[in-house]
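Student: This note's numbering numbers the first residue of the sequence shown as 281 and each following residue consecutively.
Honestly, the hints are just simulated from the structure, not real lab data. Each hint should be verified, as a subset may be incorrect.
What the hints assert, rightly or not - Per label pair, the in silico range of CB-to-CB distance:
#1 T625 x G396: 43 to 51 Å
#2 L336 x R441: 30 to 38 Å
#3 L456 x V323: 41 to 49 Å
#4 L286 x V487: 15 to 23 Å
#5 L294 x R483: 44 to 52 Å
#6 A603 x L294: 17 to 25 Å
#7 V323 x R483: 33 to 41 Å
#8 D484 x T625: 47 to 55 Å
#9 L339 x N382: 45 to 53 Å
#10 R478 x Q629: 35 to 43 Å
#11 G500 x A603: 16 to 24 Å
No residue lacks a Cβ here, since even glycine has one placed at the ideal position from N, Cα and C.
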Amino acid sequence: MAMCLLAAWAIVFLCLCKGVQSSGKVVYFTALFPYVVLVILFVRGVTLPGASTGILFYLTPDWQRLSNAVVWGDAAVQIFFALSPAWGGLITLASYNKFSNNCYKDSLIVAISNIGTSFFAGLVIFSVIGFLAHELNVEVTKVLDQGAGLAFIVYPEVVTRLPVSPVWSLLFFVMLLTLGLDSQFALMETVTTAILDRFPNLRDYKVWVVLVVSVFGYFGGLIFTTNSGMYWLQLVDKYAANWSVLLIAISECILISWVYGADRFLNDIQEMIGVRSNCWKFFWRWMWKVVTPAALLFILFFNWIEYAPVKYGDYVYPDWADAVGWVIGVFPICVIIGMGVAKYTTVPQGTFREKIHFLLQPTPDWGPANRRSTNPLPTYDSVRNTIVMVNGLPIIQETHADSESLEDNRL
281 MAMCLLAAWA IVFLCLCKGV QSSGKVVYFT ALFPYVVLVI LFVRGVTLPG ASTGILFYLT
341 PDWQRLSNAV VWGDAAVQIF FALSPAWGGL ITLASYNKFS NNCYKDSLIV AISNIGTSFF
401 AGLVIFSVIG FLAHELNVEV TKVLDQGAGL AFIVYPEVVT RLPVSPVWSL LFFVMLLTLG
461 LDSQFALMET VTTAILDRFP NLRDYKVWVV LVVSVFGYFG GLIFTTNSGM YWLQLVDKYA
521 ANWSVLLIAI SECILISWVY GADRFLNDIQ EMIGVRSNCW KFFWRWMWKV VTPAALLFIL
581 FFNWIEYAPV KYGDYVYPDW ADAVGWVIGV FPICVIIGMG VAKYTTVPQG TFREKIHFLL
641 QPTPDWGPAN RRSTNPLPTY DSVRNTIVMV NGLPIIQETH ADSESLEDNR L
């Protein structure tokens, strides 16, 4: 297992050592191959006896479970896993796009594709789950497993019962490998880009930065290759990307829509994709300012109220394991707070309120490298009179940059 993990990290390193120029070519295969395998497995799955039972179980809603807030919390976390908002991956990869790239269209394509892929993958999984239930002559609920157990225990058990089982096993696990590599590419690129942006002098040594991050990732993952690896995986899966990611997403919505300003952010987007209708702006303005933060707060609140210690099957984790899980969950929040405190200490003088006002302003060099048109939206030409909303009060910061220097700003 340790050697397989080493091979996986070696693949990630080789694909990312040259940046997105090299990983982008690999993604053509790693992103498209899973769809080919899913179609093949679906065609095979629906021809198995009992497949209709599994698919019907998948498509039949359980209204009692849907009234449970924890279910919605888990669904939100799953969406965060699938789409990676508030993880930094989308922002990192999008930063390599052209300035005029239609990010709005891209976001719709990604969201719709994720919905379709998740739904179709469910059909593939439950068609063979129904077959296993038929073979064992039990209910579908008796053969289901939670989390990674479904992919690494239940589904392989089904594959062994199929004719030419080695072929189906190879297709399934190669598909899992490519899916894992795709996710790892985004996470690794996020970490390395953050390091290189924070320490620009290291950009000439990007290969070494990627290597060091890969080495740390390998040694950090060794615990999952032990006999207790599945238990550690469930623990990390429960805490690492649960309420902490929701809290980060809520903070992003508040900072962008209320501190930076939803109208200013809308103008930023229109600067890239062109002017949109008032209805379009009204919809997204209030989605960012009210609807999305409120929905995330609701999910987060009930996730905390109905919190239950993690367990795997019939095994209930000890108290010290839950404590480790909470440390894992709190750590990303502490890093963000720590960086905020570090930035606060760099402000040379002023009261606490004045320092906060200073840190909440766009920097003088904030703006696009190339404007979209000769009549740009009034987004970047007023840094001299930046208005920052703090507790509902407008704070105006005056600078002495002339208009010509602002025209030459670089993003």
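Student: Run every hint past the structure and note whether it holds.
Tutor: Verification of the supplied hints:
At roughly 48 Å, the beta-carbon separation of T625 and G396 lies within the given 43 to 51 Å, and the hint holds. Against the hinted window of 30 to 38 Å, the Cβ-Cβ separation of L336 and R441 comes to about 21 Å, which falls outside the hint. Look at L456 against V323: about 19 Å separates their beta carbons, and that is not inside 41 to 49 Å. For the hinted restraint 15 to 23 Å between L286 and V487, the CB-CB distance of approximately 18 Å keeps it satisfied.
For L294 paired with R483, a C-beta distance near 19 Å fails the hint of 44 to 52 Å. For A603 and L294, the Cβ-Cβ distance of about 38 Å falls outside the hinted range of 17 to 25 Å, so the restraint is violated. Between V323 and R483 the beta carbons are some 47 Å apart, a value that contradicts the proposed interval 33 to 41 Å. The beta-carbon spacing between D484 and T625, approximately 29 Å, falls outside the hinted interval of 47 to 55 Å.
At about 34 Å, the beta-carbon gap between L339 and N382 misses the expected band of 45 to 53 Å. For R478 and Q629, the Cβ-Cβ distance of about 25 Å falls outside the hinted range of 35 to 43 Å, so the restraint is violated. Our hint of 16 to 24 Å for G500 and A603 holds, since their Cβ atoms are close to 19 Å apart.
Hint compliance for this structure: hints 2, 3, 5, 6, 7, 8, 9, 10 are broken, all remaining hints hold.
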